[in-house]
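Chains P and B, in that order, are what the protein sequence lines are.
Going by my numbering, the first sequence opens with residue 1, and the numbers climb by one from there.
Going by my numbering, the second sequence opens with residue 1, and the numbers climb by one from there.
Rather than coming from a laboratory, the hints here were simulated on the basis of the structure.
Be careful, since some hints might not be right.
Using 20 angstroms as the maximum straight-line C-alpha spacing, the simulated SDA-like pairs for lysine to any residue come out as follows [what the hints assert, rightly or not]:
id: 1; chain 1: P; residue 1: Lys-34; chain 2: B; residue 2: Lys-37
id: 2; chain 1: B; residue 1: Lys-37; chain 2: P; residue 2: Ser-9
id: 3; chain 1: P; residue 1: Lys-34; chain 2: P; residue 2: Val-19
id: 4; chain 1: P; residue 1: Lys-29; chain 2: B; residue 2: Lys-37
id: 5; chain 1: P; residue 1: Lys-38; chain 2: P; residue 2: Arg-203
id: 6; chain 1: B; residue 1: Lys-37; chain 2: P; residue 2: Val-160
A partial selection of chain B residues facing chain P, derived with a Cβ cut-off under 8 angstroms [what the hints assert, rightly or not]:
id: 7; residue: Met-1
id: 8; residue: Lys-2
id: 9; residue: Phe-3
id: 10; residue: Ala-9
id: 11; residue: Ser-20
id: 12; residue: Lys-37
id: 13; residue: Phe-39
id: 14; residue: Pro-52
id: 15; residue: Tyr-54
id: 16; residue: Val-56
id: 17; residue: Pro-57
id: 18; residue: Gly-58
id: 19; residue: Gly-73
id: 20; residue: Val-76
id: 21; residue: Leu-84
Positions of the beta carbon are idealized from the N, C-alpha and C atoms, including for glycine.
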Amino acid sequence: MHIPDGFISAPVAAVGIAVAAGGVAYAVKATNKKMGEKQVPLMGVLAAFIFAAQMLNFPVVGGTSGHLIGAALAAILLGPWAGVLIMTCVLIVQSLIFQDGGLLALGVNIFNMGIVPCFIGYYLYRGIAPLFRKRKLGIMVGSGVAAWLSVVIASVACAVELAISGIVPLGIALPAMAGVHAIIGIGEGLITAAVLALVLATRADLLELQKA
Amino acid sequence: MKFKWWHGALLLALLLAILSPLASSSPDGLERVAEDKGFTGAALEPFFEIVPDYVVPGVTNEAVATIIAGIVGTLVLFGIGYGLAKLLRAKGEA
Numbered sequence: 001m002h003i004p005d006g007f008i009s010a011p012v013a014a015v016g017i018a019v020a021a022g023g024v025a026y027a028v029k030a031t032n033k034k035m036g037e038k039q040v041p042l043m044g045v046l047a048a049f050i051f052a053a054q055m056l057n058f059p060v061v062g063g064t065s066g067h068l069i070g071a072a073l074a075a076i077l078l079g080p081w082a083g084v085l086i087m088t089c090v091l092i093v094q095s096l097i098f099q100d101g102g103l104l105a106l107g108v109n110i111f112n113m114g115i116v117p118c119f120i121g122y123y124l125y126r127g128i129a130p131l132f133r134k135r136k137l138g139i140m141v142g143s144g145v146a147a148w149l150s151v152v153i154a155s156v157a158c159a160v161e162l163a164i165s166g167i168v169p170l171g172i173a174l175p176a177m178a179g180v181h182a183i184i185g186i187g188e189g190l191i192t193a194a195v196l197a198l199v200l201a202t203r204a205d206l207l208e209l210q211k212a
Numbered sequence: 001m002k003f004k005w006w007h008g009a010l011l012l013a014l015l016l017a018i019l020s021p022l023a024s025s026s027p028d029g030l031e032r033v034a035e036d037k038g039f040t041g042a043a044l045e046p047f048f049e050i051v052p053d054y055v056v057p058g059v060t061n062e063a064v065a066t067i068i069a070g071i072v073g074t075l076v077l078f079g080i081g082y083g084l085a086k087l088l089r090a091k092g093e094a
């Protein structure tokens, strides 16, 4: 869902940069002096894992592919603000070094694939997971659903930005983007739940870092 | 050096990077919508190119070029994430 330059208008790009800059500045403030001993390597491996996983496009229907965003995963493990920082690092490197996502569109991309899915993913997970009597089941279902919706809402944000930019009408962009990402999001949900199952089996304590 | 949990996690990320040539090359969700709705052409060329499309320039074998790009990117992001977390870590923690 990396928006290249040209898909969004200059005002939308400018607002995106302002919102992303404000969000990242606040994220630094919110996480500063709060990183525990275990969080330092976890933040490193999450950034590395999300970058690598984003390269692995998986095929979905109709000659289309999708890849993990990873924002919900990062936010569930480290909290939404640290998640925003991780996604920002990934998106900056992708844009600057790999020309994936436009330079001017970096702000909107950080908003769409960082801020929006981190908060949707985190709070939805926090809301759903405790509803299950079996803890593991709650984590699996909660993270899967949260990750799925985080992708769908991110695609809605993207559609709205395209529409405001005048590139495609909202009535066309919204169903098209939400429709294809409702399918891609299933991959996001499955991968997120699988990674958390792996964490639960090997280092269950890492899932306790974010006790609200 | 003792093997720590995150060494395993980093190895897993590097394994994914090595598998990256297997990724589907079909357009992603946004690219699909752009093609179907006819606004692909609106995309501007990047201002500069370093490793476009995750293929290291100058390497003839595209799979190898993709793997190198994946490994370098994965290690760079590990370094950035780790370094940033260290800067933000709680006082008194090692």
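To see whether the hints hold, each was checked on the structure:
1. Lys-34(P) <-> Lys-37(B): At roughly 46 angstroms apart (the allowed maximum being 20 angstroms), Lys-37(B) and Lys-34(P) break the hint.
2. Lys-37(B) <-> Ser-9(P): Holds, at roughly 17 angstroms.
3. Lys-34(P) <-> Val-19(P): violated (23 angstroms)
4. Lys-29(P) <-> Lys-37(B): The hint is violated at about 41 angstroms.
5. Lys-38(P) <-> Arg-203(P): The given pair, whose Cα atoms are some 11 angstroms apart, holds under the 20 angstroms limit.
6. Lys-37(B) <-> Val-160(P): The hint holds at about 15 angstroms.
7. Met-1: For Met-1(B), the interface hint is violated, since the closest Cβ of chain P sits about 13 angstroms away, which is over 8 angstroms.
8. Lys-2: violated (13 angstroms)
9. Phe-3: violated (12 angstroms)
10. Ala-9: holds (4 angstroms)
11. Ser-20: Holds, about 4 angstroms.
12. Lys-37: holds (5 angstroms)
13. Phe-39: Phe-39(B) check passes; min Cβ-Cβ to chain P is 5 angstroms, inside 8 angstroms.
14. Pro-52: This interface hint holds because 4 angstroms falls under the 8 angstroms limit.
15. Tyr-54: Interface hint status for Tyr-54(B): holds (5 angstroms vs cutoff 8 angstroms).
16. Val-56: Where the cut-off is 8 angstroms and the nearest Cβ of chain P is about 10 angstroms from Val-56(B), the hint is violated.
17. Pro-57: Since chain P brings no Cβ nearer than about 11 angstroms to Pro-57(B), farther than 8 angstroms, the hint is violated.
18. Gly-58: This hint is violated: Gly-58(B) lies away from chain P, its Cβ roughly 15 angstroms from the closest one there, beyond 8 angstroms.
19. Gly-73: holds (5 angstroms)
20. Val-76: With a minimum Cβ separation of about 6 angstroms from chain P (threshold 8 angstroms), the hint on Val-76(B) holds.
21. Leu-84: For Leu-84(B), the interface hint holds, since the closest Cβ of chain P sits about 6 angstroms away, which is under 8 angstroms.
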